[in-house]
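Peer 1: Sequence:
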Amino acid sequence: MSNVYSRGIYHDSDVDNRLQENNTAVYGNVQYHQQNEGYLSSSQDSLVAAYQNIPDVQNMNIHDMSGNEDAAGPVYSNQPLSGKKSLRGTLRHAEAAAKYQLEQVNDEEYDADQQIDNIIRNVPTSLQAKKELKSQYSKKQPSKFSRTVGTRWTKFKYRIYDLSLQFEIWRSSLKVVEGKFGTAVVSYFVFLKWLLFLNIYISFLVLGLMVLPQIILVRNYTAANETVSCEESYDDIIINDCKDGNGGVCIIDFLEGSGWMEQTYLFYGNYSPCYTREEFHGFDCTEIDNKYDLPLAYLLTTVGLFVLSFLLMLNYTSGALKESLASSEDTVVKYCNKVFCGWDYLLTDKNSATLKKESIRYELKSDLDEESRAMQRENRSLGQKVKLYGIRVILNIIVLSILGGAFFIIFYVTNFSIGNTTNPLSDNALVQLLISFLPSIMITVLNGIIPVVFNVMVKFEDYSPQFEIGITLLRTVFLRLASLVILIFSIFGQVNCSGSARDEECRFCTTSGLRCWETSVGQEFYKLALTDFAAVVIVVLAVEFPRKLAAKYFQIGIAKALGQMEFEIPKNVLAIVYSQAVCWIGVFFCPFLPLMTLVKFFVFFYLKKWSLLINMLPSQRPFRASRSGIFFMMILMITFLMCIAPVGYFIANIEPSRGCGPFRLQVNGNYIWNELQLSLKDWNNVFSDALQFVGSAGFSVPLIVFLALLLYYYVAIGSAQLGMIMLLKTQLSLEGKDKHFLLTRIDQLVQSDAVSENIFYSPK
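Residue numbers (the numbering used here): 1 to 764.
Mixed in with the good hints, there may be bad ones.
25 Å max Cα-Cα, derived DSS-like pairs, lysine-lysine [stated by the list, open to error]:
{"#": "1", "residue 1": "387", "residue 2": "175"}
{"#": "2", "residue 1": "130", "residue 2": "729"}
{"#": "3", "residue 1": "739", "residue 2": "99"}
{"#": "4", "residue 1": "357", "residue 2": "175"}
{"#": "5", "residue 1": "609", "residue 2": "571"}
Pair ranges (Cβ atoms, derived) [stated by the list, open to error]:
{"#": "6", "residue 1": "312", "residue 2": "724", "range": "30 to 40 Å"}
{"#": "7", "residue 1": "404", "residue 2": "644", "range": "17 to 27 Å"}
{"#": "8", "residue 1": "374", "residue 2": "748", "range": "17 to 27 Å"}
If you're looking for bench data, these hints aren't it; they were derived computationally from the structure.
Note that CB positions come from ideal geometry on N, CA and C, so glycine has one too.
Using the sequences and the hints, build the whole thing.
Peer 2: Shown next, in the form of structure tokens:
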């Protein structure tokens, strides 16, 4: 080692003495700093110890610390040195010590590469120097062929990924929205896109297992006389005046889902118990081996689409949670990442670059606004807190009162509409149409008015923008979903009757006259889907666009006071969550609802994008959107669980209709869930016994206990890991302070030596 500074040459004993003095002084202050800060990295000690053991250093007589081998001259023990040169020399000593440690690693040890990585990681040098050390001392060097194949495979994967981006649906539209309105607004459109694909999967499942067999195969079964009688009585009450060529009646039937629409595959009632490839005469379908068991397929498809939805939601939530955790960084790091690492250097288009700049600006503005609100929240006085909490309690009581009143209105209107079916108030077709749509219209009107009231009320509660969205979403989702549940159980109340009110042969309630009540439920959800779609289109075209024109061209009166609208994320998210809830609950009664919802979401995307870019202004209260995706999915999961409850209750506790549907052959007292038990008897005994055991309490109770323990275990692990993350963040911060402290002390020592001593001397 012949490292020589250009300004002089050291004697080896002087180097060792000066290094020992500096180490004593620096690490004496470090120990004091350790007691106050609680943490100190040991990497410096190991490097110094290794350096002092290097034979070349101990035995060398001279070394040129700058690489100038021509430098010569007498050696003196006291030589002035600038802080820059001293620091450079210290780093070179540390690198030499690291090389000595690397050479001592035993190649045969199983963790040799791990030891090498740890040594290189602790070297205070540049990243390029660390890469050179890694390539020089690594014990497991891949072959040239392996490196070539790995590099080409990586490039191939990136090219495939870039190519797939060119075919990604709505990618450019999402970039435009993100650049103009921020990541929070674009998260709504990403969520809408995810729901679109969810309904694509559900539609394939329903069409492939329920609808196509109904169309392709031959309807073939022989029912008991009483079942045939019930079917005939149901067919007799279906009035199909559209056959006479009356266009107005055809349109009304299309809107109501009645008449000719009721006899299509759109509704539950037109599906039959079993199908075969060819027609058999004189056989009951239960006696045919080569048959398609549609009741079992209908039941398992319904269960399968709920399981599929749940798994896809879990997958989305896990990915969103990782992004959320990655974005939850300290303030200083957060700003550094956005300022120094936020730019995409692959952008070549000027418009894309402008959108990217606007996006970064909006994110920084959101972060600053969030910090400002946090400071205001911390500086509230006791009186301000008491006043604020009092306002929140009063407003929440008002919210509960509004929800209770809305539920009563829906219950009353639903009973009125069902009662009008058996006892019409008028013979006018339009009046009948209006009364039949009354529950759907009332639910849509309440879902449009009450959230506006909630948005006004939440302004007085002084929440953060993120929490404001959350509390508004929870209140509105409770309103919308509870409205659907009340609608369903209002219809169930007309179905569950006993005694003289129930027909003995066909088992329907004579008071309501619903001979195929499943189709009646499907019609209600069909009308809800149509009403919801019409309401969104009308609001965009008849409210938002005229308001934008009024604000632009009439700067007086109400138009000036209202101004242009801002994009309300809670209201729009709840609109698509509500549409998905209608699909989940109604798919059993109306199998084409997933396909209808798919078309709705496709239209909603372009309609909302047009309205956003034309009619809306960016929000004046920016907020972060790092957790928007996971929060939207949590709202959807709550909705999902609330949708499972009524469908599960219907399958397990309500007797199916005898005159329609795939379960019409069930004997009295059996429910739809019994179809699975009856089918198990025809299967292999071992498999049948296994499934019956899975459904028994002897399996379910231990499973629930095991899952509870497993959940507790993972919660404990997560809590411990979160604590470790906080500890490592604290240690990382202290390590940065320690390094700054060490470098400052080295500078001070070198500068004090330069002033007090003159160790340079110029040769004569």
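Peer 1: Each hint: holds or not?
Peer 2: The hints, checked one at a time:
1. As the CA atoms of residue 387 and residue 175 are separated by approximately 43 Å, the hinted pair breaks the 25 Å bound.
2. Distance check on the hinted pair: residue 130 and residue 729 sit about 24 Å apart at the alpha-carbon level, within 25 Å; holds.
3. With a CA separation close to 21 Å, the supplied pair residue 739 and residue 99 stays within the 25 Å bound.
4. Distance hint between residue 357 and residue 175 is fulfilled; the C-alpha atoms sit about 12 Å from each other, no more than 25 Å.
5. Distance hint between residue 609 and residue 571 is fulfilled; the C-alpha atoms sit about 15 Å from each other, no more than 25 Å.
6. Checked against the hint of 30 to 40 Å, the pair residue 312 and residue 724 passes, with Cβ atoms roughly 31 Å apart.
7. For residue 404 paired with residue 644, a C-beta distance near 24 Å keeps the hint of 17 to 27 Å intact.
8. A C-beta distance of roughly 38 Å is found between residue 374 and residue 748, which places it outside the suggested range of 17 to 27 Å.
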